[in-house]
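Engineer: Could you put together the complete structure from these sequences and hints?
So the chains spell out like this:
Number of protein chains: 2
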Amino acid sequence: MLNYEQQERWSKIVPNWQSPINIITTDTIKEKWNKDLLIFDEEYKFINILNKGNNLQYDGRGVAIIEGRKFDFQQLHFHFPAEHQIDGQVYPMELHFVHQNIIGQITVVALFVELGDFNRELGDFFRDFPAVESEKDPFSAKLSLDGLIGNLDSGVYHYLGSLTTPPLVKNVEWWVIQKAITVSSEQLEGIKKRFQHKNAREIQKVNERKVIYYEN
Amino acid sequence: MLNYEQQERWSKIVPNWQSPINIITTDTIKEKWNKDLLIFDEEYKFINILNKGNNLQYDGRGVAIIEGRKFDFQQLHFHFPAEHQIDGQVYPMELHFVHQNIIGQITVVALFVELGDFNRELGDFFRDFPAVESEKDPFSAKLSLDGLIGNLDSGVYHYLGSLTTPPLVKNVEWWVIQKAITVSSEQLEGIKKRFQHKNAREIQKVNERKVIYYEN
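These protein sequences, in sequence, are chains U and Z.
Going by the UniProt record's numbering, the first sequence opens with residue 1, and the numbers climb by one from there.
Going by the UniProt record's numbering, the second sequence opens with residue 1, and the numbers climb by one from there.
The list cannot tell twin chains apart, which means a pair is met if one copy fits it or any two copies do.
With a cut-off of at most 25 Å between alpha-carbon atoms, the simulated SDA-like pairs for lysine to any residue come out as follows:
no., residue 1, residue 2
1, Lys45, Glu121
2, Lys70, Ile102
3, Lys12, Gln85
4, Lys35, Gln100
5, Lys142, Ile181
6, Lys179, Asp153
7, Lys179, Glu31
8, Lys210, Val98
Hints were generated in silico from the structure; no laboratory data involved.
Structural biologist: Listed below in structure tokens is the structure:
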């Protein structure tokens, strides 16, 4: 029986649900995709760029409607190589669009990047970086996440995890877009040369989590 | 700069967002109520009742659509006195309907109880309790949460907190219905006499959290 006179002794157990994970596609729960799940109607407006040492953080503003809930876009950053894996496949790069809603829930939309055509939408994001760590430079750009993703003719993975950098906050709702976008080798090398080392967190255990695969 | 060679040393800071809280109505963020936020179309079917010492847990099955997401109803339990407070007001009792979705998010719908008319919908829930702690008895009942709440002519408070009993799991989405339902004094006394002590957790700090008030 719970002792309500000694509440300070109650145990707190938090499931260790961290990110990134290797998504095993045969283990996913299949659901039908519905375009109302992720609505990016307005362009995100970027206002500055922060040199975080082994990452660049592009701070911005914008609104997404995710599963009917209004989320404020906060920032975009990159990882080399990609952090999430699909059946063990590692892409050269992954983009993280971080959002938060008024009650504090965090949603990250993850986009894989592969080498291919020059990416016009991301053009502005591959130049003019602050040179010194912790330096924040004004940065003006607009980006349509809809335009970047294009028609979602593959699918989306959805699961509950964490931020992949400290403080590794949990209960982050991840939306990992299956179809990779392309950048040119010049674009990728331009941003990669800024980083001496990889900045991808190690793969974390899935444990008892379920990953939904929304099929299109 | 983050050291990706020593990821095991990365700090994990989790905001201490616990429940219950005292909701200060002047601090809430007002939003317009939309009936699609909480959809309880089907009756919940209860299958057994578990004596947890200082609580009774009614296990059941059912589906709720909460902010467009499908949640499975899991169990109902009671607290004496109510755990949440509205501007310091304490109701004699609070009902918690616990739900979880496929990716592991938890939602609790909280209903305050005050003394008044006999509550027909809850009639079955105030009799035939297992006598011994940890005993689980078959229990067959149906309950419409829509019917119990009635027309939502007041409003709903919504915030991010925790379970109020160990393991005090965080990131629980709370929906606290403003308008109390009534039970008769016979109903309340019948269930209260089973418990020797109060089973309400202490009020927790709101910290930097925002509480939404959905006005009807």
